[in-house]
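Participant: Here's the letter readout for the chains.
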Amino acid sequence: MTLMRYAEALNAALREEMQRDASVFLFGEDIGRYGGVFKVSKDLRDEFGDARVRDTPISEQALTAMAVTAAMSGTRPVLEIMYADFLPLSLDALVNQASVFTYLWEGQVDIPFVLRTQGGGGVGTGAQHAKSLDAMVCHIPGIKVVAPATPADAKGLLKSAIRDRQPVVFLEHKLLYNTRGEVPDGDEVLVPIGKAKTVVEGKHVSIFASSKMVIEAENAARLLAKDGIEAEVIDLRTLRPLDLDAIRQSIAKTNHAVVVNEGWTFCGYASELSATIMEHCFDDLDAPVARVAMPDMAIPYSEPLEMAVLPNAVKIAAAAKKALA
Amino acid sequence: MLNAPSTDELKDIHHKMVVTRELEEVLGAYAKEGKTRGPIHRCDGQEAVGVAACAALRVDDYVCTTHRGHHVYVGKGLTARGIVAEIFGRETGYCKGRGGHMLLGDVKTGMLGGNAIVGAGIPAATGMALSMQILKQDRVSMVVFGDGAAQTGICHEAMNIAGLWKLPVIFVLENNQYGLTVRQEVQSPVEDLSIRAAGYAMPGEIVDGNDAEAVYRAVAAAAERARRGEGPSLIEAKTYRVKGFSTSDMGGYQSEEEMAPWLDRDPIKLSAEKLVALVGADTVAAIEAAARAEVAQAFETALSDPFPTFEIHAPSAAYSETK
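These protein sequence lines map, in sequence, to chains A and B. Here the working numbering is used: position 54 in the first sequence is 53, and no number is missing along the way. Just add 27 to the spot in the second sequence (first one is 1) and you have the working numbering.
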């Protein structure tokens, strides 16, 4: 085990996969000489050269579309979109290109590319640089979506994503980059896509979260513990395909569910979780599923305003108590 | 002449242009009888662009095109049989009926797809070229796109990147004068779209899009340049869309006076004239008869082929959830 920051773990994953496979290349804005706005690609241009670590023009639409067809043509592109808020610019490539051709062309092409981006609020970046648009990408069939919460999962999932045959949207969080955690040593330590992880065991209520919301859910579990409530926290890790078994098993034990997502409430990722739980676990539920997400509005800039709208441990704990009431 | 097609190549190009025209005409007749599903976007009068441009490339070069791409499909070597079967939604179609006439793909022949999002082929070919450059291959990619697509934002982004990185991609701008029902001069402030190449540090050239040999020579030169690592080229092939936007187009905006000179310069007519001088009228007649027979056979066979059956968890779909 090595203690690493989340950004360093991602950097290690990129380095190892680029060493392992010459068809892996990186491109995106500021990722080369500067090493990425969040330093995820630090030093990689020096090691692998500017053919495989490319600074690009500010052209998200074309870059995403190019990643799709580069992936069809024998390489494994890893594209960095600097902010998740810019994903709407990538949407045609994801919705109309990446998600259709493997099926339409009867498996003639694989599309092994990774779109890395980061979202989330909490540091005053304002309405166009703080969103979580998980639901928007999870809506698209044929695209896998992962959102790791820890350095170990960041590394293991990024390695799996790069090796996957399908497009993977890899959602990072700007407030996680500096978090530290133990990361298993070894080039071949992969975290499988599609597997959730129980991070806190409990028997009264299940809290399902991903990315930075896992930390909030863990804090909520501590708050709840003071009132004698034993919450179970499930880190989904992969948003699509969903680990339905893990969800079922936890709810079978707790009979109560809180779903958490930092994105918007209406038609949001938490809504999908809620509907899935209703469909598959209704008989195990003693109360309606409680949903904790962003209000349906632009994220305001001023600190007290921004903090008021973001989901957090207090809101999650309150939702859990309401579900248990 | 530099990069001129051989006589055999000219014969093959002529054959494929006639196959394409015949396809369009028979499809048009079926559409009129209500026997096709969805719109068909015919490329009558534009055959020289798609067919001759593909003829100048290798099988392992990748090509993508638009919703109006039958000439490119045929040019890249797809069979009339597989195309017709796909259009009629049959199991024997290139995509087993999943794609339809706009979204056909066949990797073996290097046809990486029709694309019905206007402009999408431009970054698509650019991305293919990026892979080819990174893998240090001597292959090239090509996109055939329209004057309508030239007005999209993604066209600018992709051409800028292609020029910047000297990617081995050939941009064939098939200027058929119309984007949807709107003439080019109502969509662009410049008449010759090829001048935009200067902004991307690539050569821009205008060719007669109804002259198969001119198209072939321009693309062959661009392909050589790309293979030498000198980067992309923009070739504007001037032509004309004879049959409206699609089979659901009610027309009324293309006058006979406007169309007459283009019909007079029909690419198949021009190609036949040249070829007769080279190989004689009998040979040309035989080529055309064979092409028509091929299409007739394609319809006859494809229309009695089975329909696919729907499977929700077809292994190739790869889109089902893991559970």
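Keep in mind that a hint or two might mislead.
What the hints assert, rightly or not - As a list, the in silico BS3-like pairs of lysine-lysine whose alpha-carbon atoms are at most 30 Å apart:
(1) A:LYS225 to A:LYS321
(2) A:LYS41 to B:LYS163
(3) B:LYS270 to B:LYS301
(4) A:LYS202 to A:LYS38
(5) A:LYS38 to B:LYS62
(6) B:LYS270 to B:LYS62
(7) A:LYS41 to B:LYS123
(8) A:LYS202 to A:LYS321
(9) A:LYS196 to A:LYS173
(10) B:LYS193 to B:LYS135
(11) B:LYS193 to A:LYS38
(12) B:LYS123 to B:LYS163
These are calculated hints, taken from the structure and not from any lab test.
Participant: Hints numbered earlier in the text: which of these fail when held up against the supplied structure?
Facilitator: 4, 5, 7 and 12
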